Amino acid sequence: MIEEKKIADIIEELNLLLDEGKEKPIRDYFGALELPDQIYLIEHLPKDRKIQIFSLLTIKEKAELIPEVDEYSLEVIIRSLDADTLSKIADALEIDEAADLIGEVGEHRRDTVLNKAKRAEHIRALLRFGPDTAAGIMTLKFLSISGKDNAKTAQEKIRKVREEEEFKYIYILDRDEKLTGYVTPWRILTSPPEKKLEELAEPVYSVSADLDQEEVVNIVADHDLLQVPVIDEFGKLIGVITVDDVLDVMQEEATEDIQYLGGLRNIESAFLPARRSFASRIPWLYLKLLTALLAALVVGYFEDVIQAFIGAAIFMPVVAAMGGSAGTQTLSIIVRAIALGEVKYQDVKGLLWKEITVGLFTGFAIGLGTALIAFAWKGNPMFGLVVGLALILNHLAAGIFGVLLPLIMDKMDIDPALTSSLFLTTITDVFGFFALLVLTKIILI
Numbered sequence: 004m005i006e007e008k009k010i011a012d013i014i015e016e017l018n019l020l021l022d023e024g025k026e027k028p029i030r031d032y033f034g035a036l037e038l039p040d041q042i043y044l045i046e047h048l049p050k051d052r053k054i055q056i057f058s059l060l061t062i063k064e065k066a067e068l069i070p071e072v073d074e075y076s077l078e079v080i081i082r083s084l085d086a087d088t089l090s091k092i093a094d095a096l097e098i099d100e101a102a103d104l105i106g107e108v109g110e111h112r113r114d115t116v117l118n119k120a121k122r123a124e125h126i127r128a129l130l131r132f133g134p135d136t137a138a139g140i141m142t143l144k145f146l147s148i149s150g151k152d153n154a155k156t157a158q159e160k161i162r163k164v165r166e167e168e169e170f171k172y173i174y175i176l177d178r179d180e181k182l183t184g185y186v187t188p189w190r191i192l193t194s195p196p197e198k199k200l201e202e203l204a205e206p207v208y209s210v211s212a213d214l215d216q217e218e219v220v221n222i223v224a225d226h227d228l229l230q231v232p233v234i235d236e237f238g239k240l241i242g243v244i245t246v247d248d249v250l251d252v253m254q255e256e257a258t259e260d261i262q263y264l265g266g267l268r269n270i271e272s273a274f275l276p277a278r279r280s281f282a283s284r285i286p287w288l289y290l291k292l293l294t295a296l297l298a299a300l301v302v303g304y305f306e307d308v309i310q311a312f313i314g315a316a317i318f319m320p321v322v323a324a325m326g327g328s329a330g331t332q333t334l335s336i337i338v339r340a341i342a343l344g345e346v347k348y349q350d351v352k353g354l355l356w357k358e359i360t361v362g363l364f365t366g367f368a369i370g371l372g373t374a375l376i377a378f379a380w381k382g383n384p385m386f387g388l389v390v391g392l393a394l395i396l397n398h399l400a401a402g403i404f405g406v407l408l409p410l411i412m413d414k415m416d417i418d419p420a421l422t423s424s425l426f427l428t429t430i431t432d433v434f435g436f437f438a439l440l441v442l443t444k445i446i447l448i
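Residue numbering for the sequence shown follows this note's numbering, starting at 4 and increasing by one per position.
No lab work stands behind these hints: they were computed from the structure. All values derive from a computational prediction rather than experimental measurement. Mixed in with the good hints, there may be bad ones.
Unchecked claim - Listed below are the simulated DSS-like cross-link pairs for lysine-lysine, each with C-alpha atoms no more than 30 Å apart in a straight line:
1. Lys63 / Lys155
2. Lys27 / Lys91
3. Lys119 / Lys155
4. Lys171 / Lys155
5. Lys63 / Lys9
6. Lys347 / Lys444
7. Lys160 / Lys199
8. Lys171 / Lys91
9. Lys199 / Lys155
10. Lys163 / Lys291
11. Lys25 / Lys50
12. Lys181 / Lys144
13. Lys444 / Lys352
14. Lys181 / Lys160
15. Lys155 / Lys50
16. Lys121 / Lys239
17. Lys181 / Lys155
18. Lys181 / Lys121
19. Lys91 / Lys63
20. Lys151 / Lys121
21. Lys144 / Lys160
22. Lys171 / Lys151
23. Lys381 / Lys347
24. Lys91 / Lys163
25. Lys155 / Lys121
Unchecked claim - Taking CB as the label site, the calculated pair distances span:
26. Asp135 / Ala379: 19 to 27 Å
27. Lys357 / Lys9: 49 to 57 Å
28. Ile417 / Asp87: 22 to 30 Å
29. Gly24 / Asp94: 25 to 33 Å
30. Pro28 / Ile411: 53 to 61 Å
31. Glu74 / Asp22: 47 to 55 Å
32. Thr61 / Phe281: 30 to 38 Å
We put the beta carbon where it would ideally sit given N, CA and C, even for glycine.
Model the full structure from these sequences, guided by the hints.
In structure tokens form, the structure reads like this:
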């Protein structure tokens, strides 16, 4: 990797060469960089510079960069390329990466690009499946052999393909071509020649074609798999998912969950243009505004209480903020547990009791300290009691809704990270204001 202090110098040098139109020096200069540095520069250069540099690269170099650049850079590059170039890049990519590339091409010219690609039929087969499913991330490169074949026949097949591809597992099929197990090449090569493969086969974990990619990651992690086969509705092997694909999914899902917790519906690159970022963020900010107005209505309803005891208004932000923080802690834990498949709906009762207990303890700990501050500030012990009780109640509410909201959203097939983060802070704000003002009215007025 290039040193950070040299990045500005490299970008300046590249811009100078681009302005002068010196194509060969640009290719040599850019080509001398390591792939991670090339990716970094492509992602950090302005739109027109991305296109200029990419246009000067060979098909092989383009194929190395395409799967690695961020979503915005990929969009810019794809729009700048003609159908011939896109099809040649697709031909140079692994079949699953080629399908991902074609899937990003606009529908109005996707067929044109596909018709020029050498593996159009295979790419179309992959594009039939959703991009976030097991079949959407699988590769078609695998070796399968009938279980009725013997080790000698399998050895011959392995030797034929070994020059082109080295397979970690050989998948065993029955007479109906259904997946029954797997054998490692080493075991085949060291077994007696007459030994039937069905006798050597070991049980195999497989996933259905339409399984969500997040579930695939959980299965791979739970069973420490390096590869997982994908089967259709008839149990026939249609592809495999490698550990590299799983790592890509893990990064994508982690990024998605983090941004969802921040209220971003679409995965957004740090270098996405301001106009695109605005369009992505503003709908959810408006929705958040509507929920915030609900909290304002609660405050407005208790206007007479605030006028009678202004101290309540001073501590309203404290009660709301602490409830929001406690709720976010619970929410983060539950969303992660849902993503990893750790939480089942039969666990709800136990989780609720646990979070109620935690909420009671944290509410008491924070409430006691804040109550003493309120008492010292206003010189009124009853006001300290009101603030302390409001904090305890809001911590309890935060724990309860931090558990229930993501589970309910997940049950409704709505992303729990996005919707829960959107509504949880509003709930804790409203409940915190309500608890503080009601207790103030009951105890102090």
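Okay, the hints, checked on the actual structure:
no. : hint                        : result
1   : Lys63 / Lys155              : violated, 38 Å
2   : Lys27 / Lys91               : holds, 22 Å
3   : Lys119 / Lys155             : violated, 40 Å
4   : Lys171 / Lys155             : holds, 18 Å
5   : Lys63 / Lys9                : holds, 27 Å
6   : Lys347 / Lys444             : violated, 41 Å
7   : Lys160 / Lys199             : holds, 15 Å
8   : Lys171 / Lys91              : holds, 29 Å
9   : Lys199 / Lys155             : holds, 9 Å
10  : Lys163 / Lys291             : violated, 61 Å
11  : Lys25 / Lys50               : holds, 19 Å
12  : Lys181 / Lys144             : holds, 17 Å
13  : Lys444 / Lys352             : violated, 34 Å
14  : Lys181 / Lys160             : holds, 19 Å
15  : Lys155 / Lys50              : violated, 57 Å
16  : Lys121 / Lys239             : holds, 25 Å
17  : Lys181 / Lys155             : holds, 22 Å
18  : Lys181 / Lys121             : holds, 28 Å
19  : Lys91 / Lys63               : holds, 9 Å
20  : Lys151 / Lys121             : violated, 33 Å
21  : Lys144 / Lys160             : holds, 15 Å
22  : Lys171 / Lys151             : holds, 21 Å
23  : Lys381 / Lys347             : violated, 47 Å
24  : Lys91 / Lys163              : holds, 27 Å
25  : Lys155 / Lys121             : violated, 33 Å
26  : Asp135 / Ala379: 19 to 27 Å : violated, 55 Å
27  : Lys357 / Lys9: 49 to 57 Å   : holds, 51 Å
28  : Ile417 / Asp87: 22 to 30 Å  : violated, 42 Å
29  : Gly24 / Asp94: 25 to 33 Å   : holds, 30 Å
30  : Pro28 / Ile411: 53 to 61 Å  : holds, 60 Å
31  : Glu74 / Asp22: 47 to 55 Å   : violated, 28 Å
32  : Thr61 / Phe281: 30 to 38 Å  : holds, 37 Å
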